[in-house]
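Q: Put the complex together from the two separate chains, hints included.
Line by line, the protein sequences are chains X and F. Position one of the first sequence corresponds to residue 1 (this note's numbering), numbered consecutively onward. Position one of the second sequence corresponds to residue 1001 (this note's numbering), numbered consecutively onward.
Heads up, none of these hints are tricks.
Pairs of lysine to any residue, SDA-like flavour, derived with a Cα cap of 25 angstroms:
#1 X:Lys369 with F:Ala1110
#2 X:Lys364 with X:Arg320
#3 F:Lys1171 with F:Tyr1043
#4 F:Lys1010 with X:Arg277
#5 X:Lys364 with F:Ala1110
#6 X:Lys325 with X:Lys364
#7 X:Lys325 with F:Ala1068
#8 X:Lys291 with F:His1104
#9 F:Lys1056 with X:Asn249
#10 F:Lys1010 with X:Met286
#11 X:Lys325 with F:Phe1105
#12 X:Lys325 with F:Lys1064
#13 F:Lys1010 with X:Leu258
#14 F:Lys1064 with X:Asn249
#15 F:Lys1056 with X:Ser253
#16 X:Lys364 with F:Gly1121
#17 X:Lys369 with F:Arg1111
#18 F:Lys1010 with X:Gly284
#19 F:Lys1010 with X:Leu250
#20 X:Lys291 with F:Lys1010
#21 F:Lys1010 with X:Asp280
#22 F:Lys1056 with X:Tyr243
#23 F:Lys1064 with F:Tyr1038
#24 X:Lys325 with F:Tyr1073
#25 F:Lys1010 with X:Met261
#26 X:Lys291 with F:Glu1089
#27 F:Lys1010 with X:Leu279
#28 X:Lys325 with F:Val1126
#29 F:Lys1071 with X:Arg320
#30 F:Lys1065 with X:Asn249
#31 X:Lys291 with F:Ala1093
#32 F:Lys1056 with X:Leu258
#33 X:Lys325 with F:Arg1118
#34 X:Lys291 with F:Phe1105
#35 X:Lys364 with F:Ala1100
#36 X:Lys325 with F:Ser1072
#37 X:Lys325 with F:Gly1121
Which chain F residues face chain X? A few, computed with CB under 8 angstroms, are given here:
#38 Glu1009
#39 Ser1015
#40 Gln1019
In case anyone wonders, no lab produced these hints; they're calculated from the structure. The beta carbon of each residue, even a glycine, is placed where N, CA and C say it ideally should be.
One-letter residues, chain by chain:
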Amino acid sequence: MGPHSLSTRLLASVSILLVLFFGITIAALDFAFRRVTEQAMHDRLEAQMLALISASEEDSSGGLQPATEKTEERLKNPGSGLYGEILRSDGYPSWRSNSLTGTGLDFAVQLPPGQRQYRQLHRGDGSPVRALSRSIAWQFDNGVTRTFIYSVAEDLEPYYAQLNRFRGQLFGWFGLLMLLLLGALAFLLRRLLTPLRRIEREIEEIEAGRMTELGSGYPRELLGVTTNLNALLRGERERLARYRNTLGNLAHSFKTPLAVMRNLLNGTQGRDLAVGRQLDEQVGRMDDIVKYQLKRAAASGGTSLGTAPIDVRTALEALRAALLKVYADRGIECELVVAPDCLFAGDRDDLTEVAGNLADNAFKWSHGKVRLTADRLTDPTARRDGLRLIVEDDGPGIPPDERSRVLDRGTRLDERVSGQGIGLSVVRELAQLNGGTIRIDESPLGGARIEIRFPAT
Amino acid sequence: MRVLIVEDEKPLRDSIVEQLQQAGFNVDAAADGEEGLYCGREYALDLAVIDLGLPKLNGMELIKKLRAEGKSYPVLILTARDRWQDKVEGLQAGADDYLAKPFHFEELLARMQALLRRSGGWAQPVLRCGAVSLDPRTQEVTVNGRRVDLTSFEYRILEYLIHRAGEVISKGELTERLYAQDFDRDSNTIEVFIGRLRRKLDPDDSIKPIETLRGRGYRFALQRESAA
Chain X
1 MGPHSLSTRL LASVSILLVL FFGITIAALD FAFRRVTEQA MHDRLEAQML ALISASEEDS
61 SGGLQPATEK TEERLKNPGS GLYGEILRSD GYPSWRSNSL TGTGLDFAVQ LPPGQRQYRQ
121 LHRGDGSPVR ALSRSIAWQF DNGVTRTFIY SVAEDLEPYY AQLNRFRGQL FGWFGLLMLL
181 LLGALAFLLR RLLTPLRRIE REIEEIEAGR MTELGSGYPR ELLGVTTNLN ALLRGERERL
241 ARYRNTLGNL AHSFKTPLAV MRNLLNGTQG RDLAVGRQLD EQVGRMDDIV KYQLKRAAAS
301 GGTSLGTAPI DVRTALEALR AALLKVYADR GIECELVVAP DCLFAGDRDD LTEVAGNLAD
361 NAFKWSHGKV RLTADRLTDP TARRDGLRLI VEDDGPGIPP DERSRVLDRG TRLDERVSGQ
421 GIGLSVVREL AQLNGGTIRI DESPLGGARI EIRFPAT
Chain F
1001 MRVLIVEDEK PLRDSIVEQL QQAGFNVDAA ADGEEGLYCG REYALDLAVI DLGLPKLNGM
1061 ELIKKLRAEG KSYPVLILTA RDRWQDKVEG LQAGADDYLA KPFHFEELLA RMQALLRRSG
1121 GWAQPVLRCG AVSLDPRTQE VTVNGRRVDL TSFEYRILEY LIHRAGEVIS KGELTERLYA
1181 QDFDRDSNTI EVFIGRLRRK LDPDDSIKPI ETLRGRGYRF ALQRESAA
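Just chain F, with the same shape it has in the complex (with noise of 0.2 angstroms):
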């Protein structure tokens, strides 16, 4: 999953960056509001959290580009000064949730998995796609009420294709919201990750859950249960 982060407090920055990087996302900064549109255009995201009073362009101002550019991600904003009338026009501006400041990172991460599941189309906090379920928040995956061991780069690839299952995900794309910027991106990596995650999710190739499309990439073959 990749996300973006405009915040102006360089510590706060940092700090948000690095938790967010431990809990397995690739996390792009941006310190003021113009390099943030740079990246909310530029960049193919899964979420955007944007701080209101942001320097050179405000939040606001921003999500309104991004929403007027046709951006449909989720964006999460941030604001100090907690007024309703901010968090209303924030949010009738494109934005879809609110966090005050301070914050706990717990939270922040809540609120950005809750929006990156409904996001996929997920209404359940557990992911479950026939006999595979997977849980954003504790990163435990089963198949069949048995749990599998994955590697945090294979839990990132999982994670991806269950949250847009059914959908066809290129390998461009998959590359592209899993590694970080300066990271290998030969494709072959990408091919040897998804044998990896099928010998362990299916060992005696009976669910078949990840389809490869010749020429387009993958596919979560597996029925989502209780999608929204």
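The shape of chain X in the complex, shown without the other chains (with noise of 0.2 angstroms):
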């Protein structure tokens, strides 16, 4: 699958969507779960500076601290992580927890009667706090009304701790979600897929020619396109076969009258004629132009979805036999040497037009000896083997200056002259029209080599 496949593509966004979606679920748990954990500290603040408040009782100096029997145990214990403090109007402590020993921890507060404060305060190695403080006017038992300011804090350390977990569980979990959910979409998008890469099998099945048409059982939405598909391919083939059979009956109905006039230019009537034999050079050609075009018309021209590709060697075994009987009189040896698998992706009558022109020529100039060959032409990067068919004689051969004006011979009617053979030209437009080139060179043999490249596809 290429990397702009749909399934990619809706995997991409999917995946996209889904983080964003739960990045912005995973963010707003986040900010209530810290509201909800912050409120609870503060409810648990505002607890132990009631407590601290209700158990503090005047001191000899005139102070207030908290009765040692009512007071909170972790007030007592040094790092406990709670810690307490009264703090008198002129700005001594009037009394420090025993936790707040060695912490560094420094209330520093000023406030006026009345007020609270939350603040976050920091002990001396850094770690935070979260502290609460309060101002209030405490009437002694002389009368005497003095301003006291109450502070506790409580280490943020196992708040954050508590909030790490929770953040640490809500991201596994929405993980494994997400990943459960991408996987799950995955399957849904092969399954929903599975027939349009059937479709996609089906169609390199028929280029190879190992299937003719679409097959059956497609889900509604494709069938448009597939029986629309297959219309066109038994429409294509239908069309060549009508075609050519109209070619066929326009060659026959046509060259059965050139037929007749050649016959009585040459009968007794015809034969004494004066102009006889400039009329019968015309016939011969009206014969080639309409050879020459019915030959081209006729070409498949390489389009050859849905038909099976041709056993180049069956095809050449039957040209083969057919040349030696036609040319048994000339006892010619004609050597067929085709590699194994060799397959031609085009249209049968095509590649016994090129074969059967050339294997005629060589039979008709080789002084005894012909050789055919067809091989393979690969290419890794492509997906059906080319064809190389090579067509040998030992006789006189084409001179180098001659060969290219072969080829063009035919494809300037006004150029022609009768009788000279238009074979080497149909072949090159054959040849072209497949997609193939033609060579002419000198054959080891002796003779001309006329070497035919269909390069794989």
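A: Set out below in structure tokens:
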């Protein structure tokens, strides 16, 4: 599957959406959890504050301190994480909890009476604490009223630890959920795209010629595509067959009168005609024009969808047998060398026409030896192998300076001379229509060597 | 030599028939595939020329049917389509050669003569038996290099006998292959012609080219040279 396949695109988009959605959810949950735990901490600090105030009693120096037996245990133990302080209005502490010992925590607070304040403070080692301070007016037994600032504080470390545990669980569960969702989505996509993949596979089969059309049983949404594609494939094949049939009829209905004319010209009445020879030449020219144009028109041009590739050996063996029969008198030796699994990914008529014209020429010119060779042209990047076809003889060959002229013969009708033969130019046209090239050379046998290459596609 | 022409285009058929008759053939003609099948089945033919594009029964099918029935005389196909696939299929179906329309009559005649020669087992264009040689292309007959003048009918009998040199040929077969259908089929006529041939080829009765096998027919008795 390529980088831009439907399922990759969909999976990527859905992943982005999921990350966004879960991100927002996680942020909202985190925010709510922090609010709740912060509120719980404030409530705890408030309760400690009230307990401290209610435990307070006057001391001998005119200050306040909590009664030992009523004091919270944690305030008595150094480094317990809960801290307390009662500050006199002159700035001197009236009482500091034992737990403050060695913490380096300084409440350093100034508050107008009746006020309260939450603050974030730091211990001497930098770790954060949450502190609540409250300023109250205390009426002594002797009727004097003095202002005191009460402070309580709690370490934030346990709070952060709890928050981090919570976050860890949150990410863990949501991550797992996301993976599950993506997995489920990928699975659904695979199921959903199965028919499309089947189309892809079947089209490959059709291209390779192993199937003639798409199978049945596609889901309703794809039936429109598959039935129309099948109709197109069938239509194309039928059109070519009909077209060739029409051309065949045209050739027949055109050439039969030419044959009549030629026979009349050579018959008893025609033989004595003064212009008989010229007329006969014109008949030959008309025949060549028709032959050349019809052969070009009947070429399939390599549209081979849905037709099985042609087994080159079978086709060449049939051709060889046919030519040996026709040229039986000449006693020609025709060697056929075909590589295994040699296939022509095109039309049988085109292959036979190309090979037939070349081999016929070779038999015609040969002194006794003809060689037909076919092998595969491979290309690792191509879907189908190409074909190389070589026809050689031991005849006179084609001189280098004539080679291009021989191939062009027939392309310009007004330059044509009757009887020169249009075989090679037809071969060139057919080869080109099938994406092939033609090359004329000299054969080790001594005569012409014609090589046709249909590259791998 | 008796040949069949199956061609639906009347002017072409008539023209071929006329020229073949002039060339000394005993010609049957059929205008469509079914008629061709009838003639091909019923007549003792030496060769058939069959157009591929025939009404009623196409040429390819006609050839297949004749071959399936064991008819082994050579078949030459005429085709207007001139596609190699057609030629290959035609030759696979049992034809021996093809000729694309439009053709020159000389070309047709040469191909027919080559096929006839091959079917008689001859590899060379000139048929030589001992002192006698016959060239179907020029219809020239020589004995020991001396030219022999033959009438058209004498030539036809000799050509047939030499083609099948070594085989016994009955009078009936000779009559059937050499006479046109409406000709007087008196077997005495054949005897008369054979007698004349012997006198012309062998005036001093030294080489004895034609043997008579009582009750069975005739045989060209001289040994073939360069037979295939």
